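Assemble chain B onto chain A, guided by the hints.
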Amino acid sequence: EVQLVESGGGLVKPGGSLRLSCAASGFTFSTYNMNWVRQAPGKGLEWVSSISSISSYVYYADSVKGRLTISRDNAKNSLYLQMSSLRADDTAIYYCARGRAHYYSFRENWFDPWGQGTLVTVSS
Amino acid sequence: QSVLTQPPSASGTPGQRVTISCSGSSSNIGSNTVNWYQQLPGTAPKLISSNNERPSGVPDRFSGSKSGTSASLAISGLQSEDEADYYCAAWDDRQNGVVFGGGTKLTVL
Numbered sequence: 001e002v003q004l005v006e007s008g009g010g011l012v013k014p015g016g017s018l019r020l021s022c023a024a025s026g027f028t029f030s031t032y033n034m035n036w037v038r039q040a041p042g043k044g045l046e047w048v049s050s051i052s053s054i055s056s057y058v059y060y061a062d063s064v065k066g067r068l069t070i071s072r073d074n075a076k077n078s079l080y081l082q083m084s085s086l087r088a089d090d091t092a093i094y095y096c097a098r099g100r101a102h103y104y105s106f107r108e109n110w111f112d113p114w115g116q117g118t119l120v121t122v123s124s
Numbered sequence: 001q002s003v004l005t006q007p008p009s010a011s012g013t014p015g016q017r018v019t020i021s022c023s024g025s026s027s028n029i030g031s032n033t034v035n036w037y038q039q040l041p042g043t044a045p046k047l048i049s050s051n052n053e054r055p056s057g058v059p060d061r062f063s064g065s066k067s068g069t070s071a072s073l074a075i076s077g078l079q080s081e082d083e084a085d086y087y088c089a090a091w092d093d094r095q096n097g098v099v100f101g102g103g104t105k106l107t108v109l
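Chains as they are written, first to last, in the numbering used here: chain A, 1 to 124; chain B, 1 to 109.
In isolation and in its complexed conformation, chain A is listed as follows:
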C-alpha cells in the first residue's frame, strides 16, 4: 500500500524556519516526481512546489520562491520542504503528494495519493 506520512509541522514565529518531512513507502520512491500542496484554514488548495525523480527539475509557486526549498533523499525514501522567512500567510496544512512516474512530463502531472498533512502555524 502506498503511504505518505508528513511530519515537522508546528508553531513558528514570523521570520522563523521549519523543515517538513514526508516519509514514503509502498512504491519505488526514486522513480516518481513528488510535490507539496498547501491549504490555508478554510481556504482552497494551493500548489507549492514539485521536484523530479532525481532532483533534476524543481518548480515553485511565485508566493514561496526564494523562501521555501524542496528536496528529496531517494536513499531514505523521503521528501523535504525547508521553510524560511515564514509569514503569517504561510499558515496552512502542508500535504505531500506523489506525482506521476519519472517518464511523464510535469504538464501531465497529477497528485495521487496525498499524505494526511501537517499543520504549520506562523504566529507571534
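A portion of the hints provided could be inaccurate.
Said to hold, decoys possible - Below are the DSSO-like pairs computed for lysine-lysine, each with C-alpha atoms no more than 30 Å apart in a straight line: (1) LYS43(A) x LYS66(B); (2) LYS76(A) x LYS65(A); (3) LYS46(B) x LYS65(A); (4) LYS46(B) x LYS43(A).
Hints were generated in silico from the structure; no laboratory data involved. Note that the structure is a prediction, hence the values are computed from the model and not measured.
For chain B alone, coordinates are given in the frame of chain A:
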C-alpha cells in the same frame, strides 16, 4: 483570485446528475492535463479524474471531460457520500507550475 474558475457551489438531490465546470486558458487547460480532486470533510484530497480517465477504484459515476479551455466533472447517480469540495487543477505553461480552481462545494439535498 484563482487562475482556474469554478462555481463556488453546486447542489443536487440523490440520483440526480450534476456537472461542475472549470474554466481556464490556452496556457493551462487548453494544452495540459486537467485533474479533478475530491476532498471530503476533514480529509486529504483524492484524485478522481485525469482528463477523461478515472484512477482505479473511483466509481464510474464520476466522469471528467475537456473541450478547448474548459473542463467539467460530471457526477451521475448522486449519493449523499458525494458531498464534498471538488477542485480542478492543471499545469500552467506561463506560470511554470500547477494552478488550481477555487473549489466547488457540492451539497446533496
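We went through each hint and held it up to the structure:
Between LYS43(A) and LYS66(B), the direct Cα distance comes to roughly 26 Å. Compliance with the 30 Å bound is thereby established for this hinted pair. For the proposed pair LYS76(A) and LYS65(A), the alpha carbon gap of about 26 Å is at most 30 Å, so the pair holds. A C-alpha spacing of about 26 Å is found between LYS46(B) and LYS65(A), which places the hinted pair at or below 30 Å, so the restraint holds. The suggested pairing of LYS46(B) with LYS43(A) holds, with an alpha-carbon distance near 17 Å, which does not exceed 30 Å.
Comparing the model with each numbered hint stated earlier shows that all of them hold.
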